[in-house]
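Q: So the protein sequences, as listed, match chains A and B. Letter by letter, the first sequence follows residues 69 to 158 of this note's numbering. Letter by letter, the second sequence follows residues 69 to 158 of this note's numbering.
In case anyone wonders, no lab produced these hints; they're calculated from the structure. As the structure is a computational prediction, the values presented were derived from the model and not from experiment. Each hint should be verified, as a subset may be incorrect.
[To be verified] Label-pair distances were calculated between CB atoms; the ranges are:
hint, chain 1, residue 1, chain 2, residue 2, range
1, A, L136, B, K135, 28 to 38 angstroms
2, A, D120, B, E70, 37 to 47 angstroms
3, A, M69, B, E123, 37 to 47 angstroms
4, B, A122, A, D120, 34 to 44 angstroms
5, A, V141, B, D120, 36 to 46 angstroms
6, A, M69, B, Q88, 21 to 31 angstroms
7, B, A146, A, E123, 22 to 32 angstroms
8, A, N139, B, A146, 18 to 28 angstroms
[As the list claims (entries may be wrong)] SDA-like mimics (lysine to any residue), calculated; alpha carbons at most 25 angstroms apart, straight line:
hint, chain 1, residue 1, chain 2, residue 2
9, A, K97, B, V141
10, A, K97, B, L147
11, B, K135, A, P87
12, B, K97, A, V141
13, B, K97, A, R73
14, B, K97, A, A146
15, A, K135, B, K97
16, B, K135, A, Q77
17, B, K97, A, D144
18, A, K135, B, V105
19, A, K97, B, E123
20, B, K135, A, T98
21, A, K97, B, T126
22, A, K97, B, I78
23, B, K97, A, L136
24, A, K97, B, E134
25, B, K97, A, R131
26, B, K97, A, A124
27, A, K97, B, E70
28, A, K97, B, E143
29, B, K135, A, A90
30, A, K97, B, P75
31, A, K135, B, A102
32, A, K135, B, S103
33, B, K97, B, L85
34, B, K97, A, E123
35, B, K97, A, T126
36, A, K135, B, Q77
37, A, K135, B, Q88
38, A, K135, B, R111
39, B, K135, A, G89
40, A, K97, A, I84
Each residue gets a CB set at the ideal place from its N, CA and C atoms; glycine is no exception.
Number of protein chains: 2
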Amino acid sequence: MELYRVPVQIVPRPGILDPQGAAVVGALKTLGFASVVDVRIGRFLTVDVDADSAEAATLIVQRMCEKLLANPVIEDFALEAPRVQPRGKS
Amino acid sequence: MELYRVPVQIVPRPGILDPQGAAVVGALKTLGFASVVDVRIGRFLTVDVDADSAEAATLIVQRMCEKLLANPVIEDFALEAPRVQPRGKS
Chain A
69 MELYRVPVQI
79 VPRPGILDPQ
89 GAAVVGALKT
99 LGFASVVDVR
109 IGRFLTVDVD
119 ADSAEAATLI
129 VQRMCEKLLA
139 NPVIEDFALE
149 APRVQPRGKS
Chain B
69 MELYRVPVQI
79 VPRPGILDPQ
89 GAAVVGALKT
99 LGFASVVDVR
109 IGRFLTVDVD
119 ADSAEAATLI
129 VQRMCEKLLA
139 NPVIEDFALE
149 APRVQPRGKS
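Start from the sequences, fold in the hints, and give me the full structure.
A: Here it is, written out as structure tokens:
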């Protein structure tokens, strides 16, 4: 049993309104960043799980995303490759 | 001038309390995910900018992070490699 860290990217689905992103575009332009065209804001999670293999860790976190972490109606999620994590470190 | 999409990961710095992550750990355990050990919750942004090169796009978005997008006192940020983005698509 190893401790795996699985990074998860959760983003608003294409076409879904992202008012927070639109507000950030406005703020960036005000600050002088004229070249900004669009910003989309989602969530980035790192989930640490005990699992027998990287494949098992991925499967567990995928189920977590489907059940709790992401809202499939308005969000897409993507998992990065699990990394073995030394215990007791954050 | 190309349109580049630069993904940005913003995470709470190690040692910084993450009450939202702790709440999600509790919820996952309640749902039966006994193997979860820790969850840290940050933000995932995609920033679309006009730039002459991928290097220029990275530099612009790095400045945006330092000035507005991330709070360096409590957050670390990491940029992924810019990707050329077809115009008019989200």
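Q: Hints numbered earlier in the text: which of these fail when held up against the supplied structure?
A: Those not satisfied: there are none.
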